[in-house]
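K.L.:
Quick mapping for you: the protein sequence lines, in order, are chains W and Z.
Quick note on our numbering: the first sequence kicks off at 1 and runs consecutively.
Quick note on our numbering: the second sequence kicks off at 1001 and runs consecutively.
Treat the hints with care, as some may be off.
Chain W regions said to be covered by chain Z (calculated; three or more residues, Cβ under 8 Å) [to be verified]:
# : region
1 : 18-30
2 : 79-92
3 : 96-104
Simulated from the structure, these hints should not be mistaken for lab results.
Owing to the predicted nature of the structure, the values given are computational and were not obtained by experimental measurement.
We treat Cβ as the ideally placed atom computed from N, Cα and C, and that holds for glycine.
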Amino acid sequence: MRVLLVEDSPRLQNSVGVALRKSGYAVDVSGDGSEGLYLATSNDYDVIVLDIMLPGLDGLSLLARLRQKGKSTHVLLLTAKDTVEDRVTGLRAGADDYLVKPFALDELLARVEALARRSYGVKDPLIRIGDIEIDPAQRTARREGIAIDLRPQEFSLLHYLALRRGTVVTRNEIESHIYDELAEPMSNVVESAVYRLRKKIDPPSGPSLIETRRGVGYLLR
Amino acid sequence: MPSIRRRLTVRLLATVLVLFIASSLLLYTYVRARLTREYDATLAARARAVASLIQFDPKDGLEYGATDQDLAEYRPDENPIFFQVWRDDGTTIARSPSLENHAFTFTPVYYQTVQALTLPNGRSGRVLWLQTLPRVEEENRTAAAGKVPPITLAIAQEPRELNSTLQVLASALAIAALLLSAGAALVVTLTVRRSLAPLDRLARQADSIGPDSLDYQFPLSDLPAELRPIASRLNALLDRLREAFTRERRFTADVAHELRTPVAELRSLAEVALKWPDDADHLANYREILGTARQMEALITRLLSIARCDAGKQSIKRQTFDLCDIIRESWKSHEKIPLTLTHTIAWDIPSTAPIQSDRAMVLAMIDNLLSNAVTYTPPLGKIRVSISNKPTGVHLSITNSCHDISPHDLPHLLEPFWRKDPSRSSRDHCGLGLTLVAAYAKSLDLNFKIDLPEPHTFLASVQFPPTPIPAPTDTNAQNLPLPAC
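Please model the entire structure based on the sequences and the hints provided.
P.N.:
This is the structure we're talking about:
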């Protein structure tokens, strides 16, 4: 899952950015509205966390331009503007959710998670793949109740493939949703991650849960 | 207080009724007096006719010679006329048949008088007393000269027709009063209601105005001339109220933003540290938390200072000190700012500029003015600080280059939390500096002004009153390069 955080307070950039990364998201951060619009239109984010009062271009204008460009990325407005009129204006401008500062970090993470789920049309907070149960909130995966030991990147890959289950996911899509702009994945990092994930989630016998489509991508059965 | 409509209605009704009753009474009194006078004149004529029946003869004295025809109207009947005639000594000469067994009590009078009395038949009547001389035949006048004795005559009757006429008049007036009361009540009520309708409309319009409809304006064209000034004043008041509400809302929103963001920073920093204690960079977190706390402390301290000044509770310790020292002291904290290196700074200050004021407050004012000048002067811009000693006092002016302040912005610069940048991104300034300077200047009775004397140049000036200590004049002023200060 890849999140864009557009917030002008460096301290909030730091703390919210850390919290999102610790929660398994690939996070890009911008403190300027114009730069935020550029990032939002150039990349495929699952969720954008957007402040309203921003230098360069305010959050509502950014949102309007984003929608004009046909981008339907889910947007959570995170702002100090707390009146009903502000909320209504924000939601009517195209935001999907609205959270007023100061906020509880867990609530922010839960809202981001819910918006990310919505991006893939999933409502159940638990995702089940055969006998594997994935809990995105706890960032855990279990087979028949027994936890599968997954590294953060491996869990993010499994989570993303599970959300796209039944469709072929390209390598580029995996890179753009699992790694943020600061990461420089090596050319074979996706293949390596898929290889490691298969070893941990595939049943002892039978075909692999993750099917490779040569020259196209991967498909979670 | 009762409503204007009720007061007007009651007072108009009362006035109409009082005027009608007074005029009715006046009319009644006049008519009664007039009719009574006429009645009395009739009585007097009758009395003279009766007196003419008494004749004085020098030989026989007083003689009463009345025929039956003469006495026809003095016989007892439904409304009899009574009379009695006395000699000067009180002996009766003649009396009307209507008196029957009764008699009037002799009362000496001078010429003629009229009284009310109870008649012999028990009814109320009027009696006319007349002292006159008896008739003397032509041939006896010479002999009777000087010997004719006066006679006293009383004639009385119940003024039944007069009373009846007055009663009809009184009844007519009473009925008219009742009809007039009802008519006046209706007319006055309708007139007052119709006349006060614009006032009612104005009141309803005013009643419908709430905090969300302050942009309402009372229409002046529909109002009568008397209410137009009130509506105009109300419109002006609404304008001021709307501005105050807008300022208040902006202030609240700005305070919310200025406080919510640092609180959100503190909370999220703390929550991240608690949620992932093993990964947190505690030292960096503490530094960030301290930075946010200092920022909030500065904000709250300034807000409290402004509030104290507004409430007139700012404590002031006046003393005499040198403004130049204050400038030097304040500049020490600003000269370390790297940004300052891109500015050209000119100093035009005398060797000394004694003022009498609160040193700490003046230092805070200078700090804020210099900080603003340094922060908002664009790269390669100019700052000029000048102090002049004049007979009217010490004048401090700080000018700096600025690109983004327009004349339209000037009135807002002293408003709390106002910032040119709507994103309010800067964490170094929160928009309270000039507000604090203005509040301190007001508390210290200093004349503080801001202006744009020429395009792209911002001026902040403070006029300090003259001190008892003699100050050097401007001719002694010298340019002091900063290192020499």
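K.L.:
Please write out, lowest number first, the hints stated earlier that are contradicted by the structure.
P.N.:
none
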